[in-house]
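Enquirer: Sequence:
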Amino acid sequence: MRTRFGLLAVGLLGLLAFSAAAEEVLSISALLKDRKGHNGKNVCIAGKTSVLFEKFSRKGNHYYSVWVDDGSGKIKVFSFGYPSFKQGDEIEACGQYLMEKWQSGRVFHDELTAKVILTGASMRSSRVAISSMGVVALDAPPEKAPKR
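Counted from 1, the sequence shown has number 92 at position 93 by numbering that gives the first Met the number 0; the numbering is strictly sequential.
Since the hints were derived computationally from the structure, they do not count as laboratory data. Where hints are given, some of them may not hold.
In silico lysine-lysine, DSS-like type, Cα no more than 25 Å apart, as pairs [claimed, not checked]:
(1) 58 with 35
(2) 73 with 54
(3) 35 with 114
(4) 73 with 100
(5) 35 with 85
(6) 54 with 85
(7) 47 with 32
(8) 75 with 114
(9) 114 with 58
(10) 73 with 32
(11) 73 with 47
All chains should be modelled from the sequences, with the hints used to inform the complete structure.
Expert: What follows is the structure, encoded as structure tokens:
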């Protein structure tokens, strides 16, 4: 039974790796020009961060949002957890883009919900795969949150 499960897991990972494409980083202006075409899809963007906001939800989950600007435009990125970067750092964020997101009675426009955020040498290095199943980090080294 364990062997079958192991083979199934390896097969599924192989299928995901085969069908997933390495990340293509979109310019923010290209993303915003074709909002409807990208709505609900997984994309990667990169740029300089500003206005980093951190908070705990009512359920006790830490989350943050940050504006990312690549010189052609800017977009808000949301993610759960603690940021692995400081305000002003360059990042690559990969996740689902939504033109309109409803959360707890509030509406958010043009937001990327990041599943993977890369910094430094990890950026644009094919360490993220985007497939129909979602965004997956490929052998990305664990990054620690900066000291506060």
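Enquirer: Take the hints in turn and mark each one as holding or not.
Expert: Verification of the supplied hints:
no. : hint        : result
1   : 58 with 35  : violated, 32 Å
2   : 73 with 54  : holds, 21 Å
3   : 35 with 114 : holds, 21 Å
4   : 73 with 100 : holds, 17 Å
5   : 35 with 85  : violated, 31 Å
6   : 54 with 85  : holds, 15 Å
7   : 47 with 32  : holds, 20 Å
8   : 75 with 114 : holds, 14 Å
9   : 114 with 58 : holds, 20 Å
10  : 73 with 32  : holds, 12 Å
11  : 73 with 47  : holds, 9 Å
Checked against the numbered hints above, the structure breaks hints 1 and 5 and satisfies the rest.
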